[in-house]
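**Q** With the hints as your guide, set chain B onto chain A.
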Amino acid sequence: MEILMFNLLGGLSVALALGAIISKRPVNSAINLIGTMFCLAGLFAMQDAHLIAALQVLVYAGAIMALFLFVIMLLNVREKVGAESRRQPYWQLLAVVSAGALFVPLVTLGGGKILKFKEAASGFGTTAAVGRLLYTDYILPFEIASVLLLAALVGAVILTKTKIR
Amino acid sequence: MTPIKIPSIALDAIGPEMVLTATAMVLLMIEVFADKKGRDHLGYIALGGSVLAGALAYKLSGVSVTTFGGLYVVDNFSTFFKIIFMISAGLTALISVKYAQDEGINHGEYYAMILFATVGMCVMASARDLITIFMGVEVMSIALYVLAGMTRTREVSNEASLKYFILGAFSSGFLLYGMALVYGATGTTQLQAIGKAAGLLTGNPMFIAGAVMMTIGFAFKVAAVPFHMWTPDVYQGSPAPVTAFMSTGPKAAAFAAFLRVFAEAFPAMKEDWWVIIWSLAVLTMTMGNVVALVQNDVKRMLAYSSIAHAGYILVGLAVASPAGSSGAAFYLLVYAFMNIGAFALLIVAAGKGERTTTYQDFSGMGRRSPLTALALTIMVFSLAGIPPTAGFAGKFYLFMSALEKGFVWLAVIAVINSVVSVFYYLKLVVYMYMRDEDGEARPEISVAAPLAVAAVVTVCAVMWLGVMPAKYIDFAKSAFLPF
Chain A
2 MEILMFNLLG GLSVALALGA IISKRPVNSA INLIGTMFCL AGLFAMQDAH LIAALQVLVY
62 AGAIMALFLF VIMLLNVREK VGAESRRQPY WQLLAVVSAG ALFVPLVTLG GGKILKFKEA
122 ASGFGTTAAV GRLLYTDYIL PFEIASVLLL AALVGAVILT KTKIR
Chain B
7 MTPIKIPSIA LDAIGPEMVL TATAMVLLMI EVFADKKGRD HLGYIALGGS VLAGALAYKL
67 SGVSVTTFGG LYVVDNFSTF FKIIFMISAG LTALISVKYA QDEGINHGEY YAMILFATVG
127 MCVMASARDL ITIFMGVEVM SIALYVLAGM TRTREVSNEA SLKYFILGAF SSGFLLYGMA
187 LVYGATGTTQ LQAIGKAAGL LTGNPMFIAG AVMMTIGFAF KVAAVPFHMW TPDVYQGSPA
247 PVTAFMSTGP KAAAFAAFLR VFAEAFPAMK EDWWVIIWSL AVLTMTMGNV VALVQNDVKR
307 MLAYSSIAHA GYILVGLAVA SPAGSSGAAF YLLVYAFMNI GAFALLIVAA GKGERTTTYQ
367 DFSGMGRRSP LTALALTIMV FSLAGIPPTA GFAGKFYLFM SALEKGFVWL AVIAVINSVV
427 SVFYYLKLVV YMYMRDEDGE ARPEISVAAP LAVAAVVTVC AVMWLGVMPA KYIDFAKSAF
487 LPF
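Respectively, the protein sequence lines represent chains A and B.
For the first sequence, my numbering assigns the number 2 to the initial residue and increments by one for each residue that follows.
For the second sequence, my numbering assigns the number 7 to the initial residue and increments by one for each residue that follows.
Chain B on its own, in the form it takes in the complex:
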């Protein structure tokens, strides 16, 4: 019997993941013992866990270690994404507190699922091995399927959960089949070893088919057209805080894994693959924006706008340069703030049971609740990319990376799309400030304290990142991948 050799394990490298898992389990235990009133505070424990995990992740910035026998890597790229995930999870926990009480879902399980999903996301950003990436994808996805169906008495929520589960399992199948083919062609699951083998495999159909299938799997997860069919229904049917979460953190995680796989495992295919990503990017942003134009429901409009934003971020992938990858990372940071902010205000406006979410329901909001209307205006300005908000800084940096590499047409199409998007974002502002109320009875707008805090934090972040982005862009620049 040969002695068992354990690979070197750097436990401090997985600090954030351990804190999140521990907090999730603590929440599950508290749920058992807490009374009804005590459960109102569960969200703050989840928030505390994400803040602590975020601090641990931030402490690892500048560190570069590969551990667990090369399966797991902590570098600035993964650290930057982990900070995005913690922001997304923490803000989601915060905007959930009131919502969960209203909808009767303030259970430890709800917050534990958010944290479990975040663990999966961290694994996706740090994994340097196909098996580990897949485990991360599954942990994240399973938790999200449950979260989508959390409001069990609402039919749309059940539908969203089931639809997401079936199509998500389908896309995981594509991803896994692609991984199996890539393994079959290269004989290894480690990304860098695949990258080395890929150079010797020109024209090998097994490898190409594997890479294409993995692209399809990831495109499903980031909701890129034509693999977006699940997005509108799932985003509309899920509880609003969960939608805010799904469209920011998990999307960023899918992009992180997508970027790392293509930068480290498939660099040899760069010349051919940009055509695919280029078309995906153009289709995604155009289709997302055009369909968002005709929506009547603000939540559904945000779902389509989320597809369009995935298209902008795909620009960073198509460019396939260090600037492109850090541009995508910075944009995802900005997007986390502005989209969760927009959803926080949507929750405020929608009231109990999410009944009032059409454009008409926002009419006269400028008078009924001036501060809510102002905050929402800042958020949609940022989503539209109007200076001096963060959305502008993010888009500017992302599209510049395309110009630097000579992708002029891609940048032009992206800018045209941004202009189109202004129309439906500003429509909301027009309704809030320039339409009188139509006389229909709507619930009084009251802003609960945690929602107010979340709104203030996101508004400040969006303005700060818009006015003084240099420091954060520098951080994002250090979080590039070597293409």
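Extracted from the complex, chain A is given alone in its bound form:
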């Protein structure tokens, strides 16, 4: 059952990701990407990473992609935008070759040595466990994230405000 679900979600997410880069219309690409995000969320949920799964849907599929769609619609982007890059087949070939050069060894592991990990403790990845980690072991990066958000917020305001006193 688990294998079946994995193959289903995994296959679907790869297909949708391909759709996102192949489709000619920006809106279709964005919708495909949303589908990919949902499939990834499913994969995370299967790994018992409930919080990540929920955040994947809320933040990526929800907030960020909705923003993408807004931008595409507001700017009224049509097909011609990507046309220039499509006229350069050499770059496409290069991209495919380098993606393959990364992908093949990663999947086959190229005969290298690997580490065996012990199984994660039960409850790992649940909201409670992640919250606990954030407030204990990872308190410092968590606090730095607040500085990051403040800086980003202030920066966005100062760059976009129409008139500054």
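Honestly, I wouldn't trust all of these hints.
[Said to hold, decoys possible] Below, in silico cross-link-like pairs of lysine-lysine (BS3-like), each with a Cα-Cα straight-line distance of 30 Å or less:
| no. | chain 1 | residue 1 | chain 2 | residue 2 |
| --- | --- | --- | --- | --- |
| 1 | A | Lys117 | B | Lys358 |
| 2 | A | Lys164 | B | Lys42 |
| 3 | B | Lys358 | B | Lys433 |
| 4 | B | Lys43 | A | Lys164 |
| 5 | B | Lys358 | A | Lys119 |
[Stated by the list, open to error] Interface residues of chain A toward chain B, partial, derived using beta-carbon atoms under 8 Å:
| no. | residue |
| --- | --- |
| 6 | Leu110 |
| 7 | Ile115 |
| 8 | Tyr139 |
| 9 | Ile145 |
| 10 | Ala152 |
Everything labelled a hint here was simulated from the structure, so no lab data went into it.
Backbone N, C-alpha and C fix where the C-beta goes; we use that ideal spot for every residue, glycine too.
**A** Just chain B now, kept in the frame of chain A:
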């Protein structure tokens, strides 16, 4: 429910970071209440914050603590870099005071962004964990994207900000993907644990791909060729004090994280990796110097020269020895002084709106403003590495570390590059002293007090570090990383 175990936290170890964050927030609040005249003094608050943070960082020299459950380390290496960051931030605040008034950007946000970026830089120098390093990189980068676009009415500034943002986000993607792969292969994000696991992972493609991607990410951040495409436009378009800041502090921070990651997490790959860094170093310095030769604009020339200097510093990385890492640290200290000094004088010469920055605009400067010309001459001598300036001491120590480890060719190429660089640096001096004015009307050169102070401080530092470098080199020597 198991009880919550909080790891030991040494708050005094993050004193500098806390002071900087607090000062930034104070600046944001003052901005709300201050009137137009009061805002002219905001820069001095930022300067005070960086000086205080620098003093706290200096007090931690000799201390070696690992805190926050091993995520954060304060050692001489991080302390030395933090002092560089505070010098860079403080001097930038000082040279910004007049500039910000002229360009109408003297807001609390401007100085707060400089301090936020500095917090990110401190985190990068001290982090011993991939997640923490990445948070530091992002805090620094986000603040810099904003700073680059601060002069909102200038088109080049907008372009610089957008370009920097898009390419910076792209490079962060590389860095993060590399970190994810390394985590996937080793099962840990802590640098030393990765270093231990790496020994068991010979030939594991996931680990190698992760390390290579992280190298690409860091190479973007230090503007090493061939990942430098963003540098000239961003450095030229950004407000001059911001360019001075970006080319010193953040670059030093990227090198600090780069060095620490490779010294602590990837020592097992030392034998293979020096080839990559060696080629990066040679490409970066050669390309930076050759393109700088044909520039017409002094600000753009300084941008390319900054690429070339990143190449010299990469020599310290390629050598991968304690001497190499402390040589790079000392050079970055020297570079902070001389580059910010050069930019301070560029601001003086460029006048309002940065209109006059070509070589021609500097002609006859020796007569129009002898002291400015003299100070700028000392700065470019130092950038070129001519004794008795600090630039010479820095280069000497850095290239010696290459010779010690048998990297003769690398040292030879670096010296040849330094000789090439003399040409375009001295071109500026030739224009200042040996060309008559071409009769075009240029704004009167007037040196505002904070700029004069910054120029005097940097000139003194460059001469002092050049004549009496021993004490500071000893400090840098204690700030090595165990390769």
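**Q** For which of the previously enumerated hints does the structure constitute a violation, in increasing order of number?
**A** Failing hints, ascending: 1 and 5.
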